[in-house]
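What follows is the residue order along each chain.
Protein chains: 2
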Amino acid sequence: MTHGYTGQILRVDLTSGRMVTEEPPENFYRQYFGGEGFIGYFLLTELPSGVEALDPQNRLIFAAGPLTGVPVGGCGRHSIGGKSPLTGGFGETEAGGYWGAELKQAGFDAIIVEGRAEEPVYLFIQDGQAQLRDARHLWGMKTLECQNAIREELGDHGIKVAQIGPAGENLVRFACVANDLDAFAGRTGMGAVMGSKNLKAVACRGHQRLSLADPPAVAAIARWVRNNTPLANKAMRELGTANVIRGLNRHGGLPTCNFQMGSFDGVDKISGQAMRDTILVRRRSCYACPVQCKREVKVDEPFTVDPRYGGPEYETIAALGSNCGIDDLKVIAKANELTAAYGLDSISCGAAIAFAMECFEHGLLTPRDTGGLDLRFGNGLAMLEMVQRIGLRQGLGTLLAEGVARAARKIGHGAEEFALHIKGQEIPMHEPRWKQGMGIGYAVSPTGADHCHNMHDSAFTHLGPDLEDMKTLGILEPLPANDLSLAKVRLLIYRSLWMHFLNCAVGCYFVMVYGGVGFQRIADLVRSVTGWNTSVFDLMKVGERAANLARVFNLRQGLTPQDDNMPQRFFIPHTSGPIQGVALDYEAFQKAKEIYYDMMGWPSGKPSVGKLGELGIDWAAPLMEA
Amino acid sequence: MTHGYTGQILRVDLTSGRMVTEEPPENFYRQYFGGEGFIGYFLLTELPSGVEALDPQNRLIFAAGPLTGVPVGGCGRHSIGGKSPLTGGFGETEAGGYWGAELKQAGFDAIIVEGRAEEPVYLFIQDGQAQLRDARHLWGMKTLECQNAIREELGDHGIKVAQIGPAGENLVRFACVANDLDAFAGRTGMGAVMGSKNLKAVACRGHQRLSLADPPAVAAIARWVRNNTPLANKAMRELGTANVIRGLNRHGGLPTCNFQMGSFDGVDKISGQAMRDTILVRRRSCYACPVQCKREVKVDEPFTVDPRYGGPEYETIAALGSNCGIDDLKVIAKANELTAAYGLDSISCGAAIAFAMECFEHGLLTPRDTGGLDLRFGNGLAMLEMVQRIGLRQGLGTLLAEGVARAARKIGHGAEEFALHIKGQEIPMHEPRWKQGMGIGYAVSPTGADHCHNMHDSAFTHLGPDLEDMKTLGILEPLPANDLSLAKVRLLIYRSLWMHFLNCAVGCYFVMVYGGVGFQRIADLVRSVTGWNTSVFDLMKVGERAANLARVFNLRQGLTPQDDNMPQRFFIPHTSGPIQGVALDYEAFQKAKEIYYDMMGWPSGKPSVGKLGELGIDWAAPLMEA
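Just so you know, the sequences run in chain order A and B. If you read the first sequence in the numbering used here, its first letter stands for residue 1, the second for the next number, and so on. If you read the second sequence in the numbering used here, its first letter stands for residue 1, the second for the next number, and so on.
Derived by calculation from the structure, the hints in this document are not laboratory data.
Same chains, same label: a pair holds when it works inside one copy or across any pair of copies.
Below, computed lysine-lysine pairings styled on DSBU-like, alpha-carbon distance capped at 30 Å:
id : residue 1 : residue 2
1  : K591      : K606
2  : K330      : K234
3  : K269      : K330
4  : K591      : K471
5  : K330      : K298
6  : K298      : K269
Work out the full structure: start from the sequences and follow the hints.
Have a look at this one:
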């Protein structure tokens, strides 16, 4: 079965305004696939070491994958990457929504942006054509206004817009790239990179049908996904990603008050159930997806929350809710609207505010610093105010817009203790004292603390269908969440490699992993779409290749294995709650990290030439030196 | 899909006569699978270091696999293993025929034999029952007589017999275990181990139907195999494995006169075509196989060759033909009959005679040593005489029965130069100066020089369907045979791991690999048979696990990475013929070996704890010390 799967990549030099189209050979697609794989390849081959993230030389890469836009649930994602202004290393983040599918239907697999426009511009791509357009009138707009304005001036309300809000314009280091108002390439600060290039938006419109190698086979898988994943993801559908809140809280895994606690008194007020019963007005989905885990919420008083921005996900509820000690769902919904409107990563934003709250409670920040705000845990209105100040870089927001690592260094006096980050990126809302495998995953993730390049211990521990599917990889037994055995490190690696693959594909974890689609059916889907003889083995190697490219990029940019670390807080046991007394054991953590390197073929934390050769990327070996 | 695939393993202690049956849990089967995997597991967990191969404590393990006996072409194989009297390390060898399927139908997956019977015995297994029977009257018999005698005395001509001939009784270090008269577990001297235990034969009769998880799916694959593999293997079917002879000769890859040359003047007289046109009377097959690559030949004059012993395969024709400088197909056919009747590995036997011939031509052996035989290359009758003397340990045969490594040490005076072996096992009939990937494979094979734990460069280089299937593993481009790049080492490793898997399954390379069945369909077959959620990834890991167990066993028995070597001859270019001037480059060979270790996760040639942990066998790490 051969098919000749190829496509087009658009290169945009904003400095010169020059745009060219490339058509890489099919084997390039087979090896690097798309998404994270493309990003790793192009960053490594094009970006010299030492270029700053906000330098015009940095690349900003929008990359779909072979699955993006295929009419099957879970195939609505794309990836954005570049050198990260938070970590100084590999930046890569994925988003759902409809934009990625539209990019593909417009005839492109990826866009590589370099340089810096003299004045704000936006890029409009339609059916194989690209043009740069003046965006001076859009600069400063929040995302809703900007999307409306673009659709209006182009006269097409079907246009999909990926864009930065004021936060990206203001180079907030954790600014995101928003699309469709409710989907976010949230992490690693790609919004700031976009802002630094004076690129306000990328608008797409496409009418091309994706070519499929075996349409009936794709249709059969689509049918299977439609019929089965909503059932497997019943709670996800009914309650959104927030369905996990109560369970996490019960296990002590709900980050509370800047990870000082693992359970939250106000949990029932912020749960998925509470949202369903109060402010939810509609479920939303990404492209082609039957699960509909996305929310749409509406609040009328005491303030309004605009339903056009969707509704909060788990990460947002925990980051701007429990982790800030806030139990008011309306306030959290408003914060969600604001992060969407300003274009902020809700995880890092919430983490930065929680950090500031802890500093404030310890007197390291005072009302003088906060402009009079009583920035204690639990103060919802102060939190909302801080979201806006960060987005606009006003007052204390100027400092927090730098991320907690840089802010803590500036505050000094021990503020580092409260700055929970790895490599400069804030910890997402998964408690590494409970999900210890993910803890190791945080430490070694190429993107700094991140839950999208590793795994969720708890899911594997508790979910039956997932356990059965893991046997496809030879993992035969479940493991407790708070375990750091060799077997756990293996589990982490296998799941991480699969996530790296999904980030290349680009596919949705919720549908593809937790929806029970299964490793083999995904390989069948890739084969049916591309015509490639492939296998779970091949796809695991695609993921491993992407992981190694990212690792080499980080080494090239001067990151070292010493940066694969963990905030001290997580080595200190909780003093109360369900995981009272539980912490990461320092020795066990170090040992697990060594074992991780060993299993990855990374002696002393660096990919060996043999490992790179096995992955067909030994060309990258000389690039490892900073 | 779960099924509960389990079975029974029979343990036989010949010293005490005690027999017990074990039923390992399903996860044991999933991890270690069968065949080579079982052998590695049991040898490593049961055999202390330092026990001699011919010591009663050594284990002799007969192991089928999940595929053995399944009514699909290529599923007629079993494996036999123990510590090797040739190498002092991991001994393992597979055979086709019907015996493996019969063992499974008799209710057993494996037999673990230990101890030594006081008097010769044979084991009879029938439908779940096992008994040890007197074999004193069978001792000394050739294989045909012995098989007839057993069938006669048990009154059942459907009984399948695996047995040793006089060579095994006489502890010839390269004695084989023959079954069905024309199938041989040939390599690593398992016949000598069997002889040392006074075990003449294992006779099986079974009427149980194998339980299949998904019979219609198995039937569909069987149909596919029946319809397609004879076409893919057209030359194999028509000409037997000897179909390759002319091509090899053309490329300079036909071992000639103890590998002094790579092409042979008499090639057309010994080719598959010559056999078809002269002495072939019938094609034979293994259990359930539509390819029928096995031969049956008949010669009436100037001597008789008994068709009941089948006919020579490629390895036999090269080893006892071209590599001894012999171009008389009738002589080769007779030699084939004799090795079958005496129970000798035809590869090592031919190699030993070729070694002796080169010694003779250099005056290191004289007519005094040979009992007057003019043991020059090309003397067919002398060769036939030597086969018998080796089998009976008579005259010079006593010396050669020790294998070329030990014989050369005894002869001295530089005879080592002519002793082509690795770790004590003779080189099979694949020229490592041409197939350089297999050359590395020889060096690192756990069994010493062996073509059944690595790969055939040439096949991948030349065969279209195989190339397309390799893409399933992410190998996108063919590579020249005489290449030792990183990409070649990767190819070697991927193919080796798959062969290790097939040795666990136990499946036939010819059908499963060259028959175009393909990686994915084999994974589907395993799933349909066992009910296990499996994948190509999982099966590659099964192979890798087996390879690592074997490696650990070798380290435990005192073998070192220095034993992963290569006879000097192969670093010296041919002086004529198609590959004139071509040799293994010493530096490139060493570098490729280092890269192999690196890619395998074997720093300094030893599996790392992380690698063993990744394979779920970190229990083996402490066993690595001799």
